[in-house]
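Visitor: Here is what each chain is made of, one letter per residue.
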Amino acid sequence: MTPIFKFDGIYTPVVTPFADDCSVRWDALEEVIDWLIAQGVHGLISGGSTGENFAQTVAERIEIAQFTVEKAKGRVPVVIGTGAMLTGDSIALARAARDMGADAILLASPPYSVPTDRENALNALAIDKAADLPIMLYNYPHRTGTMMGEEFLDRVGRSRNFCGIKESSGDINRVHLLARDYPHIQLGCGMDDQALEFFAWGAPFWVCGGSNFLPAEHVALYEACVIENDFVQGRRIMSALLPLMSVFEQGGKFIQTIKHGVTLNGIDCSVVRPPLKPLNKDDKRALEQVVRVLKETISDIRAEGTK
Amino acid sequence: MSLLTKDEYQAIAAGLDFPTMAYIDGRYRPATSGKTFSSINPATGKELAQVAACGAEDVDFAVTKAREAFEDGRWSRLHPSDRKDVLIRLCKLMTRNARELAVMESLDSGKTIYDCETVDVPETIHCIKWHAELIDKIYDQVSPASDDHIAMIVREPIGVVGLVLPWNFPLLMMAWKIAPALAAGCSVVLKPAEETSLTALRLAELAAEAGLPRGVLNVLPGGGVDVGEPIGRHMDIDMVSFTGSTVTGKRFLGYSGESNAKEIVLEMGGKNPAIVMDDAENLDRVAAHVVNGAFWNMGENCSASSRLIVHKDIKADLLERITHHAKQWNVGDPLDPEIRMGALVSKAHYKKVCGYLEQADKIIFGGKAENGFVKATVVEVAGNDVALAREEIFGPVLSVITVSSFDEAIRVANDTDYGLAASLFTANAKRAIRGARMLRAGTVTINSFGEGDITTPFGGYKQSGFGGRDNSIHAHDQYTQLKTIWIDLADDEDEAVD
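Here the protein sequences come in this chain order: A and B.
Number 33 in our numbering belongs to position 33 of the first sequence; there are no gaps in the numbering.
Number 1367 in our numbering belongs to position 367 of the second sequence; there are no gaps in the numbering.
Careful: at least some of the hints might be erroneous.
What the hints assert, rightly or not - Restricting the straight-line Cα-Cα distance to at most 20 Å, the calculated cross-link-like pairs of lysine to aspartate or glutamate (EDC-like) are:
{"hint": "1", "chain 1": "B", "residue 1": "K1065", "chain 2": "A", "residue 2": "D34"}
{"hint": "2", "chain 1": "A", "residue 1": "K277", "chain 2": "A", "residue 2": "D8"}
{"hint": "3", "chain 1": "A", "residue 1": "K6", "chain 2": "B", "residue 2": "E1100"}
{"hint": "4", "chain 1": "A", "residue 1": "K277", "chain 2": "A", "residue 2": "E70"}
{"hint": "5", "chain 1": "B", "residue 1": "K1250", "chain 2": "B", "residue 2": "D1417"}
{"hint": "6", "chain 1": "A", "residue 1": "K129", "chain 2": "B", "residue 2": "D1417"}
Claimed, not checked - Every beta carbon over 10 Å from chain B, so not counted as near; a handful from chain A, in silico:
{"hint": "7", "residue": "W26"}
{"hint": "8", "residue": "E63"}
{"hint": "9", "residue": "G74"}
{"hint": "10", "residue": "P111"}
{"hint": "11", "residue": "D181"}
{"hint": "12", "residue": "R292"}
{"hint": "13", "residue": "E304"}
Simulated from the structure, these hints should not be mistaken for lab results.
Even for Gly, the Cβ is constructed at its ideal location relative to N, Cα and C.
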């Protein structure tokens, strides 16, 4: 299938740096964007959950998205998150994405209302109509309470804009289903600890929060699996990355962990908006340890290839 | 259903959400190539949607899925009553969405909303319902036999069928084919006409909603070369039913011979005569029938009575009445329920019809054409040998030929490559029956214009087609094949040799 937009590579859901009063630190955000692009990520997502969209007003989200599009200056594609509780808010975000010249939108199920597949599809088609941009679906049933099921996927097929899906259910059967039965929707990894499995099934992209501070290491896995088709090396890199995934998923402090990782790289991102609180000392130490080891390991693995 | 106002139809049109993807294996997908083509509203020239332009790889994929569905029996081996239930549910869903379908059909094809609302959509539903109701009422046969054997003659669904549709009645022609094909238990790979794909795609979605299993009905929009030909040449399609031009129909015979010798059913062109004899009664009524036969659906109808063969003695009288009736066939915005003639289906077809108008020496009525719309036109031709009398124009052009006797009328009527339909107007019963027998056409109507209804077979003689019939119980035959099951019951002792 030839999609209308190709989501290739590592898409980073960009964090939002805040000052102590929780206002957006624009200079730091610009720094993050420039650094990520320089490090070789393939696309940016503004207004994803890693960007703390749930703690921002629609107007704020639009402002951050606009800033991101402007600063990216067309160097990499920018995808704008439209996930919101209210359909009206999602539509406003979708329209704004279109008007600001974004490349695509990220479309999630509305959280909390638990729509049926049919309701969810009609909602998605309404948001699509407002943007008329390529769409990366975001299936994250643990956060939204609802799975983008087959009826949903069949119904949204009415519009060719639905050309990618960030699959974050964690259910490997979904990877098989999407790869086999929905080849017209590009499969993207949204479950970090299954990245190798996604790539084995032909997923061309990975949306990974960790690439906010370890872009080269995430790009390394993508390149090994997708570009070089070397799954032996891919498995070694993935193995090196897995301790990080454990820190992300098992600590229950995903965003704080990512933001601390960015802080470790020298861009202060330590402030998170309520209800979240920053990492404690032990968590920080655990992350630092894991990052140090995996960087070294992956660097060594990649260096072998250049000998 | 009562008609709405033009404003109301326009409001519905503005809110329509067009299906634009191919429908394969129970879901919408873009063409593998990612290509699309523009679907144009012929009444305005504006684009309605970009529709998936399928190709051979999509046909192949759809056939694989259709075959899977056929072989695992999810539809083909379902109890006939269960198949009936699904199709009846589809009819209910179509009824619920009838208005949307009618407006979509009008926008896509240029047909008047009046026709879409009063003919196309209700007849489409009626057709599917009729075949659905028939499924569990067709019995197989047991041959006359001795006590020593029993022979059953049963009909089985033929398999994966390719259905290739024309653009003049997008919904209705789809129903004519899918209703008996699905009723029989076949899996379908359907190509709507490139000009009019939207309602077929919508219908596929409704069928899935009604419970038709995945893979059983696949709709692939696209061009003739890209989709039609791969269907014709596919090694795993068991039969093709085609309705369209004679030129294209003949190609399918070639594809069949060059591939897997699949069965081919053809419903093709017509240049149908309407004979009016000097003894015809109530010329006013005759005129109404002739005008309806010639101009209904803008003459974009293979069974349109496009040749008026009239006896010289009543010619002047009849033409005057025809002119009077033809005046009522006003041309304009198809979404206006007062309009009887909408736009011709495409710019290319409009140009073709205009080309024929230019050939006319003597225009009795009409003759005007602009912006894709052509007025009801009556032209006089010198004999039956000119293009206006021989070629299928597929537009609102009625060619008038004068004759002096009944035998001459029949001779002229039969002097054509086609043989789809014919009508004969006479009050003489003997002539009516003799004429009906002598006219070489699939459907002959006496003192009326029509195609019969769902209960009667529709199809042609000569180059109008062969291989089967649409409508009626006979339509099922083409989607099934006969099997003989012979069972030996002989007692071993009788067989023993002493």
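Visitor: For each hint, tell me whether it holds in the structure or not.
Guide: Status of the hints after comparison with the structure:
For the given pair, K1065(B) sits about 47 Å from D34(A) by alpha-carbon distance, which is inconsistent with the 20 Å threshold. At roughly 34 Å between alpha-carbon atoms, K277(A) and D8(A) are farther apart than 20 Å, so this suggested pair is violated. For a cut-off of 20 Å, the pair hint linking K6(A) to E1100(B) is broken: about 34 Å separates their Cα positions. Only pairs whose Cα atoms come within 20 Å are accepted, and K277(A) paired with E70(A) is rejected, the gap being roughly 30 Å.
Between K1250(B) and D1417(B) the alpha-carbon distance is near 13 Å, which keeps this suggested pair within the 20 Å criterion. Of the pairs offered as hints, the one joining K129(A) and D1417(B) is violated, with about 51 Å between alpha carbons and a cut-off of 20 Å exceeded. Its beta-carbon lying about 38 Å from the closest one in chain B, W26(A) satisfies the requirement of being farther than 10 Å from that chain. Chain B leaves E63(A) outside its interface by the beta-carbon criterion, the shortest separation being 32 Å against a cut-off of 10 Å.
With a minimum CB-CB distance of about 23 Å to chain B, G74(A) clears the 10 Å threshold, and the non-interface call stands. The Cβ of P111(A) lies farther than 10 Å from every Cβ of chain B, with a closest approach of about 26 Å, so its non-interface assignment holds. With a least beta-carbon separation of about 8 Å from chain B, D181(A) fails to lie farther than 10 Å from that chain, contradicting its non-interface assignment. Listed as a non-interface residue, R292(A) keeps its Cβ farther than 10 Å from every Cβ of chain B; the least gap is roughly 45 Å.
No Cβ of chain B comes within 10 Å of the Cβ of E304(A); the nearest lies about 38 Å off, and the non-interface call holds.
Checked against the numbered hints given earlier, the structure breaks hints 1, 2, 3, 4, 6, 11 and satisfies all the rest.
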